[in-house]
Each structure stands twice: as structure tokens, then as C-alpha cells.
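Q: Make the full structure from the sequences, and use the hints.
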Amino acid sequence: MTQLASIEVQAAIYAKLYPSGSFDSTLASYGFTGAFDWRDVPQNQPFDYITLGDSIESPNNTLGRRGYNLHYTIHLWSRQYGDLPSLQAVARLNQLLDQQPLTLATQTHVYTMFNQSLPVADPDGLTLHTALSYMIYTQE
Amino acid sequence: MAATPGYLAILQIGPTPTTITGIKSVDVKVQGDIYEVTALSDGQWKKKIGGLADYTLAFSGNLDMTDAEQQALQAAIITSPGTQVQWVIAPKGTTTGNPKYSGTVLLKGQSIKFAVNSEEQVSFDLEGTGPLVASTF
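So the protein sequences, as listed, match chains F and Y.
Each residue of the first sequence is one higher than the last, beginning at 1 in my numbering.
Each residue of the second sequence is one higher than the last, beginning at 1 in my numbering.
Any given hint could be a false lead.
What the hints assert, rightly or not - Facing chain F, a subset of chain Y residues (Cβ under 7 Å, in silico):
1. A9
2. G22
3. I23
4. K24
5. A115
6. E119
I should point out that these hints are in silico values taken from the structure, not numbers from a laboratory.
Glycine included, C-beta positions come from ideal geometry on N, C-alpha and C.
A: What follows is the structure in C-alpha cells.
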């Protein structure tokens with residue numbers, strides 16, 4: 001969809017996490033059960049899981065052509081002991097996304113660059129929340 | 001008259017003006033020489049007359065060497081230095097009756113920036129030869 005990058009980017013990242021329709025086997029081997037829109041996690045979804053979709057989008061236009069910068073965040077929610085599974089998942093997501101091409105429905109992908117990984121202990125005392133962000137630039 | 005948003009502007013290059021892609025910013029600077037002609041007994045205040053006029057252009061934006069116009073600009077300094085390049089800037093687009101600036105320039109410089117944390121960028125510095133013409137499409 002033109003005039004907004006978030007929808008196409010989310011679909012492209014989802015396709016990376018679900019190649020051939022099945023959740024990425026490497027992420028699954030680290031104990032992650034799936035990836036979901038941050039506003040559409042199934043009721044009682046077993047931990048660990050990934051949410052995506054909350055991005056900050058801003059224009060990066062050239063004369064005559066629209067472009068978009070996305071500060072795209074992916075969240076990891078883990079209840080396994082230790083932080084190793086989450087760190088392994090971050091590394092896997094970087095393998096899939098950092099400096100890798102994205103196939104967008106109508107727009108042109110310029111780059112995806114790993115920006116930050118921030119682990120935070122959730123106030124529930126059980127969950128390790130890791131917020132992983134990427135800088136993404138697309139053009140129409 | 002209301003202000004005009006910059007995104008309406010179109011920059012075109014070549015004898016058959018063709019839009020160049022990737023450009024984010026265009027600077028046009030026009031300047032004229034001024035000569036002082038104050039004579040003895042002219043009093044306290046200097047007297048001046050206008051002289052030769054000149055202009056410069058500067059474009060900058062995303063590097064795109066698949067774009068024929070960016071290639072043409074680059075060739076005009078790397079391959080064939082001194083090549084004259086015709087240009088048109090349409091502040092409000094190319095609809096008939098809209099204003100335009102046009103002229104012929106020589107490439108004075110090209111700067112290319114490669115940084116690991118951003119898009120590749122290019123800028124061109126150009127100097128006019130002959131008049132800068134303000135007219136309409």
C-alpha cells in the first residue's frame with residue numbers, strides 16, 4: 001500500500017519469520033512459539049513468543065518520490081530461565097533481518113539495519129522482555 | 001500569495017529536460033558584481049554601479065547511479081570535464097503557465113558519501129555559464 005510503509009514492512013517481516021507458512025525452525029528451537037501482531041496475540045498463547053508491529057514512521061522524501069523511515073520494534077517475551085534463549089533469538093532475528101533485503105508488496109526496500117536490543121525484566125517478575133529495534137528505509 | 005511546499009519542485013537535466021531522481025535539496029544562488037565608482041568630491045556616501053552577474057547551483061540527495069540524469073551529471077565532471085549541462089527547476093511542477101528557472105551549467109564538483117548507518121548520498125556543485133532565465137512553461 002502506498003503512502004505508508006508500516007503495513008508492507010510488517011507483512012514482509014512476518015514472511016521472514018514464517019517461511020513457507022511455518023514459524024522459523026531456529027527460533028522455535030530456542031523455545032519461541034510464534035510471532036504475532038502486537039495487538040492480536042492469541043488468548044493464553046504459551047510463552048515464549050514474539051510480537052511485532054509498533055513502529056514509528058517518518059517521511060524521508062526526495063523531490064517527486066515519497067520515502068519512509070521506520071523505527072521498527074520487535075518484542076521478545078520469554079519466561080525461560082536465564083537470558084540465553086532471548087539472546088539467541090535476537091541473533092537469529094539479526095540473521096534474518098539485519099542488512100538483508102525485504103520483499104515489499106509495492107514499495108522499494110532500501111535498507112534494514114539493526115539499531116538496538118534492550119532487555120528489561122517485566123514487572124510481573126516472570127517475563128524477560130527484550131525490545132529489538134531496526135531502522136528501515138523504504139521508497140514508493 | 002501563500003507559501004509553496006518544497007516537495008512540489010521538480011529538477012530536470014539535459015537538452016530534453018528529464019527529471020532527475022533522488023534529489024532532496026536544490027540551492028540556486030544568483031549574484032551580481034557591484035563596482036564602486038565614487039569620485040573625489042562625491043561626498044560621504046559611496047556610489048556604485050552593477051556589473052557582471054553569475055549564479056551557482058547545488059543539488060544533493062540519494063546516490064542513484066541507475067538514474068540516467070545522475071549518470072549524466074557525473075559524466076560531465078569525471079568522463080568529460082567541462083561538458084555543459086542544461087537544467088530546469090520547476091518550483092510548482094511543469095504544468096503550462098507555471099514558473100521555471102533554467103540555464104546551462106558546468107560541473108564544479110561532485111561529493112559522494114558512503115556511511116554504514118545511512119543511505120548513500122551525493123551532492124553536485126555547479127556554476128552557470130550564460131544567463132539564468134526566469135520564465136514560465
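Q: Let me know if the C-beta of I23 of chain Y comes in closer than 7 Å to any C-beta of chain F, holds or violated.
A: 5 Å, holds
Q: Any CB of chain F closer than 7 Å to the CB of G22 of chain Y?
A: Result: holds, 5 Å to nearest chain F Cβ.
Q: Once the shortest beta carbon distance from A9 of chain Y to chain F is found, is it less than 7 Å?
A: Holds: closest Cβ of chain F sits about 6 Å from A9 of chain Y, inside 7 Å.
Q: A closest beta-carbon separation below 7 Å is what the hint needs, so does A115 of chain Y meet it against chain F?
A: 11 Å, violated
Q: Quick one, is the K24 of chain Y hint okay against chain F at 7 Å, beta carbons?
A: 5 Å, holds
Q: Quick one, is the E119 of chain Y hint okay against chain F at 7 Å, beta carbons?
A: 6 Å, holds
Checked against the numbered hints listed earlier, the structure breaks hint 5 alone; every other hint is satisfied.
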